[in-house]
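K.L.:
Using the sequences provided together with the hints, build the complete structure.
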Amino acid sequence: MIRTLLALIPPGYTDFLRRFAVLTVLSVIIRAASVVFLVPLLSGLFDGDHDKALLWLGALTISTVVGWIIDRAISRSGFGLGFGIVDTAQHDVAERLSRVRLTWFNVSNTADARQAIAATGPDLAGLVVYLVVPVTGAVLLPAAIGIALFGVAWQLALVALAGVPLLLGAQWATTAITKKADAVADDANAELNARVIEFARTQEALRVSRRAEPERGLVGEALDRQHGATTRLLLFQIPGQVLFSLASQVALLALAGTTAWLAVRGEVSPAESVALIVVAVRYLEPFTVLAELGSGLETSRLTLKRIGTVLGAETDGPHEGTAARAELSGPPRIEFENVTFGYGDGRPILDDLSLTIEAGSATAIIGASGSGKSTILGLIAGLHEPHSGRVLFDGVDVATLDLPARRALSSVVFQEPYLIQGSIEENVLAGDPAAGPERVAAATRLARVDEITGRLPDGVRSEVGEGGSVLSGGERQRISIARALLKPAPVLLIDEATSALDNENERAIVDALSGEGTPRTRIIVAHRQAGIRHADQVIVIDDGRIVEQGTPDQLLTAGGRFARFWEQQGASAGWKLTGS
151 MIRTLLALIP PGYTDFLRRF AVLTVLSVII RAASVVFLVP LLSGLFDGDH
201 DKALLWLGAL TISTVVGWII DRAISRSGFG LGFGIVDTAQ HDVAERLSRV
251 RLTWFNVSNT ADARQAIAAT GPDLAGLVVY LVVPVTGAVL LPAAIGIALF
301 GVAWQLALVA LAGVPLLLGA QWATTAITKK ADAVADDANA ELNARVIEFA
351 RTQEALRVSR RAEPERGLVG EALDRQHGAT TRLLLFQIPG QVLFSLASQV
401 ALLALAGTTA WLAVRGEVSP AESVALIVVA VRYLEPFTVL AELGSGLETS
451 RLTLKRIGTV LGAETDGPHE GTAARAELSG PPRIEFENVT FGYGDGRPIL
501 DDLSLTIEAG SATAIIGASG SGKSTILGLI AGLHEPHSGR VLFDGVDVAT
551 LDLPARRALS SVVFQEPYLI QGSIEENVLA GDPAAGPERV AAATRLARVD
601 EITGRLPDGV RSEVGEGGSV LSGGERQRIS IARALLKPAP VLLIDEATSA
651 LDNENERAIV DALSGEGTPR TRIIVAHRQA GIRHADQVIV IDDGRIVEQG
701 TPDQLLTAGG RFARFWEQQG ASAGWKLTGS
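Numbering (my numbering), first residue to last: 151 to 730.
Hints may be right or wrong, so weigh each one.
Unchecked claim - Pair by pair, the computed Cβ-Cβ distance ranges are:
#1 Lys455 / Ala171: 22 to 30 Å
#2 Gly609 / Phe233: 40 to 48 Å
#3 Arg153 / Ser395: 28 to 36 Å
#4 Gly407 / Thr449: 36 to 44 Å
#5 Arg153 / Glu601: 54 to 62 Å
#6 Ser248 / Leu402: 49 to 57 Å
#7 Thr449 / Ser395: 19 to 27 Å
No wet-lab data here; the hints were simulated from the structure. Values in this document were obtained by computation on a predicted structure and should not be read as measured data. All C-beta atoms in this analysis are idealised placements derived from N, C-alpha and C, irrespective of residue type, glycine included.
P.N.:
This is the structure:
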């Protein structure tokens, strides 16, 4: 927690942080002195020494006013530091997520990332003022009061100082008892959050399958686990509270007993004894505050742990400045040299794969689901790095390039496109924000997006909704194709991009993809004949290995898997519905 928090302090805040720490310690010293000032003040009042009482009343007043001034400065500095931490956290988390390896995004890490982003707001902004300062004061103030008591009675000072580790140890034990239950409850809350989002997004499928009621699905199970975890958390808090209460009573009895013993021996007056009982109560107050802050402290620890999980996630590619740069004069020649890659489950998707895609050629990849087709595209696009082997562009290992260079090399049309919330034009321009109106119009015409905009009242400025929700699947796919065509990348990767289109539009889009003017090396994952007609070579993948490779005519003549695929596609294209 402390390491992550210190890592989030913005650069250049060293003097600011030093000043903040000095003010915090000074505030603790002044508050401790104010507490001990009560002893001579009450002694003077009870003994009738009014001049002495006025003197110490003045000292108490001055220390209180100075303490208020310092606390106000601490609050202002704390909020300044808090907002600096928020700014750093938001920037660092967003920047890290843009470079994290995609294999990192499992269910648990995705939940951590979502909650880390949600936490980089008011919670972090008030972390210093509402948590760090009170906790620091609660830890330091009793020790400072103990030291100040040496001016009254050294025996009492030693008892107070001995009570500090006792009470802090009890607080630590209380936290340790509830920590595991708190972690289980937090995991249950994260799972419930994920299940609720999933439940909301899959309403169409759930209602059709008559499983829309929460109690009949995963949401109900997650709710049950969350309730059970919360119950266990509440039960685990009871022994911790009893332990801390017992330690507090022991400390209070020790202070009161020592005061009484000193009064019997005549080393402190009766008036001072009464004042020292008040000091003992004030001595215990910070520990009570610390106990009340325990839940907030654990919540902040988990928040910073999630942020630390994101910031510590492994990223792709070397750091900028140490990486090579791509110097391509045209479409590159792409080579896989003994590439092995998997998604972390122990089974490689690609196993010792070697292949060559010639510069400026069009290559079609076919194969069964899960055979590794999309993985090949992901490796070419730099979305993943091989576990072993190399992916070369004109002889340059892609893994040695920095991320901006890698991302500039390829343009991708995904099987399931995602549109950003905004207009159609903004989504197309995401491919190349610097593109002029002529290039945008050419890309939308090639992808037949102009047919969509032509029937919308706002044309290219029509809103697509969150994720493209107001458009059909085929319309979203056309916009994503236009976006890919607009990006001036030397490699174009197409992952079953026409699966959401009808046959007529599919043929038109395939012709556009193969006939657009930008020189590129093209690789298309296809399940239908239209995506293969213009291919210079076809690669058939099975279980992460190449089982056939050649031109379409060569593979048709060979009569292997590709020939059977082609025959089945041709037969299905001739299917007709007839009446009985």
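K.L.:
So which of those numbered hints doesn't the model satisfy?
P.N.:
none
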